[in-house]
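Q: Listed below are the residues making up each chain.
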Amino acid sequence: MSDNTYANPQVLVSTDWVAQHLDDPTVRIVESDEDVLLYDIGHVPGAVKIDWHTDLNDPIVRDYLDADHFSALLQAKGIAEDTTVVFYGDKNNWWACYALWVFKLFDFKDVRIMNGGRKKWIDEGRELSKVVPSYPKTTYRAPSRDDRRIRAFRSDVEAHITKKLPLVDVRSPGEYSGQLLHMADYPQEGALRGGHIPGAKNIPWGKAVAEDGTFRSAAELQELYGSQGITPDKDIVAYCRIGERSSHTWFVLTYLLGYPNVRNYDGSWTEWGNLVGAPIEK
Amino acid sequence: MLTRQEQLEFIIDHYENPRHKHPLANADAMVEGGNPGCGDIVKVYLKIEDGRIIASFEGEGCTISQASASFLMDEINGKTLTEALAIDHNELMDNLGKEIVQQRTRCATLSLDTFRAAVRKREREQLMANS
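First to last, the protein sequences are chains A and B.
Numbered continuously in our numbering, the first sequence closes out at residue 530.
Numbered continuously in our numbering, the second sequence closes out at residue 132.
Check before you lean on any hint, since a few could be wrong.
Covered stretches of chain B, as calculated for chain A (at least 3 residues, CB under 8 Å) [unchecked claim]:
id, segment
1, 11-25
2, 59-67
3, 94-107
Calculated from the structure, these hints are not laboratory results.
Everything numeric in this text was worked out from a predicted model, so none of it was measured.
For glycine and all other residues, C-beta sits at the position ideal for the given N, C-alpha and C.
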């Protein structure tokens, strides 16, 4: 990989590309936001909404939906096995990356991110629509969810600590140091203790994006992570508070830098920081 | 009873066409709620004239926090403090549409908490002025 080329450049599409494919039946544009009403205020014409909370999570167990429910979701959104799915959203694509990560738990083939997200689309003065589209139901059938490759659980993190393997805490320095028990204004997603998982490096997710919300260059990303010892030869686990910001970092490491072994610990600090007997550092 | 879609349109209308969104000259109290680091900010201005509330707000942030502030200002203007303070979190969320706002209860109730803080600030300042 040259310094100026992403390892998998096809996973990022520009706002121009999206504008040129709004009527492409092989492409489905998906908005996934933190602010749950943004889609209703206006979205990329033809885009469907996937709500990270109500669509991707099991309503009872803290876990993701199973293959049957994932199949039903994609069928209803008009997504087939061979559809190119392009995600975008607010907050620099946090939830877009999170949705992409969940799609990859089901090994969905062609998923991409609109670089710059919702903000860039709006900043460029592009059209927004309030029309909620409907597409013909597909016959998509998902395979069983595979949690082994890109998802880390508590036991995996414990093993990582024992083996002194790299953990990346992508939260803010205040959360990492324990000064904050939760991200600003997210008190319902806090933890009993503040700090970080022993040995974790603090590389806030936001360092991977430029001021216009697009991802930094490959060279800048290599320097950002490489300088902290987060290199492609290692088995890496990223975490934040519930796995949304670390999905963003997982996307950067896996697709933009091509690291082969990166997992997202979605239990994150809301699990670890509340766990009886779990070691922490401040 | 409004359908989910009607409730959604009600919230979006308050977000896009906010009521009482302006500074209030000669307010008895002004309080800023939220966290400037996160994006949800609601500043409430409060004045009592002839025993009735005159209130307004300024703010920025997510759809729910700003729509909630607009709706609350509509609700409390013209009421007495006793009537306005009887509004609780549940009532506010019910009026906004609990099914829609329940994922973001903090955003939905930021305006009410900020209004209550403005009432307390006004009372404190009046006590100090009279002591």
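Q: Next step is simple, just say for each hint if it's right about the structure.
A: Hints, verified against the model:
no.	hint	result
1	11-25	holds (count 4)
2	59-67	holds (count 3)
3	94-107	holds (count 5)
When the structure is compared with the earlier hints, no violation turns up for any of them.
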